[in-house]
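Sequences are here, hints too, so could you generate the full structure?
Read in order, the letters of the sequence shown correspond to residues 21 to 156 in the numbering used here.
Note that these hints are calculated values from the structure, not bench results. Please read all numbers here as calculations on a predicted model, not as lab measurements. Just so you know, even glycine gets a beta-carbon here, dropped at the ideal spot from N, CA and C. Treat the hints loosely; a few may be bogus.
[What the hints assert, rightly or not] Taking lysine-lysine and the BS3-like style, the derived pairs with C-alpha atoms no more than 30 Å apart in a straight line are: (1) K154 / K67; (2) K154 / K140; (3) K92 / K140; (4) K154 / K92; (5) K140 / K69; (6) K92 / K67; (7) K69 / K92; (8) K140 / K74; (9) K69 / K154; (10) K92 / K74; (11) K154 / K74.
[As the list claims (entries may be wrong)] Here are the in silico distance ranges between beta carbons for each label pair: (12) G87 / I130: 32 to 40 Å; (13) D65 / F111: 43 to 51 Å; (14) G87 / D153: 15 to 23 Å; (15) A70 / P120: 38 to 46 Å; (16) S86 / S110: 35 to 43 Å.
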Amino acid sequence: MPHDIVNGHIGHNHAADHLHSHLKPEDEAADIQVLCTQFIDGFRDAKDKAAYLKIANIPLEMPCTSGGPDLKLVDVSVTSEWQVGTASPSFGSPELSYLPFPGDMISERINMAFVYVSTKRREEMDLRQFLADKTQ
21 MPHDIVNGHI GHNHAADHLH SHLKPEDEAA DIQVLCTQFI DGFRDAKDKA AYLKIANIPL
81 EMPCTSGGPD LKLVDVSVTS EWQVGTASPS FGSPELSYLP FPGDMISERI NMAFVYVSTK
141 RREEMDLRQF LADKTQ
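Below is the structure:
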């Protein structure tokens, strides 16, 4: 009997046809980055940016998370980030352990954000988070 069937019932709140294979978080992040890069390339090349956003189901309006008036999409921004090193907590020290990368390990990460505004608030929806939510 499969491990997620307990007392003859499917566990984990999964449907009967649920496959119990899941990507590791680092694999999911890599997949999201590929989707993000492809989406951004397509957006940059699109002759009709509004149609591209509509096809992708990017909301033009969304409810305010703090309960205020609905927010309207006004800007789409694309940013480049270059990871030049890594820092993590050090054992027994208040300092971070810092490891700068050699030149061939420095990598670019491109991201997109959707900027929404109302009369009371400004919020950004990150493309990576949007895609991660859609793939779950």
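Given hint K154 paired with K69 - CA-CA distance at most 30 Å: Holds, at roughly 21 Å.
Hint check for P120 and A70 - Cβ pair distance inside 38 to 46 Å: Holds: the Cβ-Cβ distance is about 42 Å, inside 38 to 46 Å.
Satisfaction of hint between K74 and K154, Cα-Cα up to 30 Å: 15 Å, holds
Restraint status (C-alpha distance of K140 to K74 at most 30 Å): 25 Å, holds
Pair hint outcome, K92 versus K67 [Cα-Cα no greater than 30 Å]: Holds, because 22 Å separates the two Cα atoms, which is no more than 30 Å.
Hint check for S110 and S86 - Cβ pair distance inside 35 to 43 Å: Given about 38 Å between the Cβ atoms, the range holds.
Given pair status - K69, K140, alpha carbons within 30 Å: This hinted pair holds, its Cα atoms lying about 27 Å apart.
Proposed proximity, K67 with K154 (alpha carbon, max 30 Å): Since the Cα atoms of K154 and K67 sit roughly 25 Å apart, the hinted pair holds (cutoff 30 Å).
Holds or violated: K92 to K140, with C-alpha atoms at most 30 Å apart: 12 Å, holds
Beta-carbon spacing of G87 to I130 - inside the hinted bounds 32 to 40 Å or not: Check passed, 33 Å falls within 32 to 40 Å.
Pair hint K92 and K74, alpha-carbon separation not exceeding 30 Å: 14 Å, holds
Pair hint K69 and K92, alpha-carbon separation not exceeding 30 Å: Given that 30 Å is the threshold and the Cα spacing comes to 16 Å, the pair holds.
Violated hints are absent here; each numbered hint is respected by the structure.
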